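> Chains as they are written, first to last, in the working numbering: chain Y, 95 to 347; chain Z, 95 to 347.
Treat the hints as calculated values from the structure; they're not laboratory data. Treat the hints with care, as some may be off.
Which copy is meant is left open, so a pair is good if it fits within one copy or across any two.
What the hints assert, rightly or not - The list that follows gives simulated cross-link-like pairs (lysine to aspartate or glutamate, DMTMM-like), each with its CA atoms no further than 20 Å apart:
1) 251 to 323
2) 322 to 283
3) 150 to 291
4) 214 to 294
5) 215 to 291
6) 341 to 273
7) 215 to 298
8) 215 to 294
9) 115 to 161
10) 192 to 112
11) 315 to 283
12) 214 to 283
13) 286 to 129
14) 314 to 144
15) 318 to 248
16) 215 to 112
17) 330 to 313
18) 215 to 147
19) 116 to 334
20) 278 to 191
All of these numbers come straight from a predicted model, not from anything done at the bench.
There are 2 protein chains.
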Amino acid sequence: MIAVVLLGAGNVGQHLFEAIKKSSDTEVVQWYNRDIAKLQPFKNETDICDSIESLKEADIYIIAVSDDAIKNLALQLPFNDRLVVHTSGMTSIHDLDKSLHRGVFYPLQSFTKGKPIDFKKVPICLEALNKQHYVILQQLANALGSKSYKINTEQRKTLHLSAVFVNNFGNQLFRIAHELSDAKNINFEILKPLIVETADKINELSPYMAQTGPAVRGDKKTLKQHLKELDNSPHKLVYELMTQSIKRTHGKR
Amino acid sequence: MIAVVLLGAGNVGQHLFEAIKKSSDTEVVQWYNRDIAKLQPFKNETDICDSIESLKEADIYIIAVSDDAIKNLALQLPFNDRLVVHTSGMTSIHDLDKSLHRGVFYPLQSFTKGKPIDFKKVPICLEALNKQHYVILQQLANALGSKSYKINTEQRKTLHLSAVFVNNFGNQLFRIAHELSDAKNINFEILKPLIVETADKINELSPYMAQTGPAVRGDKKTLKQHLKELDNSPHKLVYELMTQSIKRTHGKR
Chain Y
95 MIAVVLLGAG NVGQHLFEAI KKSSDTEVVQ WYNRDIAKLQ PFKNETDICD SIESLKEADI
155 YIIAVSDDAI KNLALQLPFN DRLVVHTSGM TSIHDLDKSL HRGVFYPLQS FTKGKPIDFK
215 KVPICLEALN KQHYVILQQL ANALGSKSYK INTEQRKTLH LSAVFVNNFG NQLFRIAHEL
275 SDAKNINFEI LKPLIVETAD KINELSPYMA QTGPAVRGDK KTLKQHLKEL DNSPHKLVYE
335 LMTQSIKRTH GKR
Chain Z
95 MIAVVLLGAG NVGQHLFEAI KKSSDTEVVQ WYNRDIAKLQ PFKNETDICD SIESLKEADI
155 YIIAVSDDAI KNLALQLPFN DRLVVHTSGM TSIHDLDKSL HRGVFYPLQS FTKGKPIDFK
215 KVPICLEALN KQHYVILQQL ANALGSKSYK INTEQRKTLH LSAVFVNNFG NQLFRIAHEL
275 SDAKNINFEI LKPLIVETAD KINELSPYMA QTGPAVRGDK KTLKQHLKEL DNSPHKLVYE
335 LMTQSIKRTH GKR
């Protein structure tokens with residue numbers, strides 16, 4: 095049984111709590127948050143606290159607070175030589191105080207408040223400074239049913255950047271399509287199956303092989319008609335730049 | 095039983111053939127293609143032909159050829175006053191010869207060669223010039239298990255444009271993430287669950303509500319670090335423009 099103390103009650107903290115609760119191989123022995131009010135709904139499920147001084151003993155301390163607060167919180171921990179990990183894509187392992195046994199436990203997924211997620215679908219990027227600690231992190235990921243990957247700080251930053259492209263920018267493309275279709279009284283439902291299929295396709299084909307459409311075909315007539323339709327639209331630039339990007343990838347002009 | 099003559103053996107034609115084959119309420123009575131060789135593998139499943147003169151009688155003729163070839167093929171049809179539809183997002187219903195009963199049967203989905211698709215996940219955009227023909231198209235969509243929507247030519251063009259944003263441009267974002275992660279020896283598998291979850295989320299939240307990340311948070315520190323990492327990368331412009339686009343949508347500067 096892996097004993098976990100969880101620090102932070104935001105989105106990631108809450109999803110981790112739920113995932114750990116479901117597992118029979120690990121347990122949240124205590125949940126710390128600066129503002130105890132956020133933890134009150136969970137007081138019958140684990141020991142809750144808002145005092146950093148009264149942290150219990152555990153195998154792993156998981157810091158799930160905002161990036162800016164990680165360093166400071168780690169500094170305040172009233173012990174040395176225990177395994178402390180953060181969960182941030184953008185933060186170096188070395189931002190944790192070196193009196194600690196440091197690690198990173200970065201779940202690469204989009205967590206929605208109130209929407210439970212199956213941790214089988216949450217890859218965990220692990221980093222530790224020695225083998226022994228790495229193995230403990232691996233055991234924790236396994237206990238949650240997650241696949242884990244060895245990812246160093248530099249790689250993790252690139253993953254975080256890549257995640258912005260596929261998640262935030264991908265979602266913004268959906269928003270643009272939503273705006274375009276709303277303006278013509280088109281039901282956005284029509285586009286949803288295409289959005290889901292586009293994502294699912296990468297499980298069978300590389301994005302390179304999966305590409306279709308006017309840009310990769312070099313279909314100038316369609317490109318011209320689309321640009322004409324986007325005249326005076328703020329989305330025209332996105333159309334032009336993404337078309338260029340596809341052409342570059344596929345060696346077209 | 096709705097009798098269909100299919101014209102064209104490309105990607106859409108083949109997926110339509112398979113979908114119609116599965117349904118007990120409709121049947122491909124004949125499959126025409128200019129090049130008969132492409133139809134040989136199906137010769138035991140339906141009547142195949144390469145002569146436009148020998149087309150059989152049917153309830154619906156579905157033209158599934160490239161956009162540029164639709165008009166000409168419709169002109170050559172050796173009959174009048176039969177229901178003929180095309181399957182194109184970018185082509186007007188009026189591009190079909192007016193001696194015909196004209197319609198559009200536009201499946202809005204990404205079809206992958208050799209990957210069967212459940213037509214329950216293929217919304218069909220229908221257009222006809224009178225109620226009676228519209229009802230027949232609706233019956234055909236129902237027979238395939240598809241949801242259908244009434245969409246006029248102008249709306250259909252906007253849908254096609256929107257599909258380019260979510261499908262082609264979305265896929266290009268996956269490609270960019272693939273390039274970025276490959277360059278750091280990161281397994282692209284790590285990003286796949288996030289890609290799928292990002293798409294699935296629109297079934298619960300609007301893209302507006304689903305947006306997260308540094309652009310919508312106004313997290314300047316992360317934006318700056320990401321841009322620094324993209325220095326000298328061809329993808330920096332995409333990052334900048336998509337970030338601007340998100341900020342505009344959410345009223346940030």
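> The structure should be examined with respect to each hint, and the outcome stated for every one.
Here is what the structure says about each hint:
no.	hint	in the structure
1	251 to 323	between (38 Å within a copy, 9 Å between copies)
2	322 to 283	neither (25 Å within a copy, 38 Å between copies)
3	150 to 291	neither (47 Å within a copy, 35 Å between copies)
4	214 to 294	both (16 Å within a copy, 16 Å between copies)
5	215 to 291	both (17 Å within a copy, 9 Å between copies)
6	341 to 273	between (25 Å within a copy, 15 Å between copies)
7	215 to 298	both (17 Å within a copy, 18 Å between copies)
8	215 to 294	both (13 Å within a copy, 12 Å between copies)
9	115 to 161	neither (25 Å within a copy, 55 Å between copies)
10	192 to 112	neither (30 Å within a copy, 62 Å between copies)
11	315 to 283	neither (28 Å within a copy, 36 Å between copies)
12	214 to 283	between (28 Å within a copy, 13 Å between copies)
13	286 to 129	neither (39 Å within a copy, 35 Å between copies)
14	314 to 144	neither (62 Å within a copy, 30 Å between copies)
15	318 to 248	between (41 Å within a copy, 16 Å between copies)
16	215 to 112	within (14 Å within a copy, 32 Å between copies)
17	330 to 313	within (17 Å within a copy, 26 Å between copies)
18	215 to 147	neither (35 Å within a copy, 55 Å between copies)
19	116 to 334	neither (47 Å within a copy, 41 Å between copies)
20	278 to 191	neither (56 Å within a copy, 27 Å between copies)
Violated hints, in rising order: 2, 3, 9, 10, 11, 13, 14, 18, 19, 20; the structure is consistent with all others.
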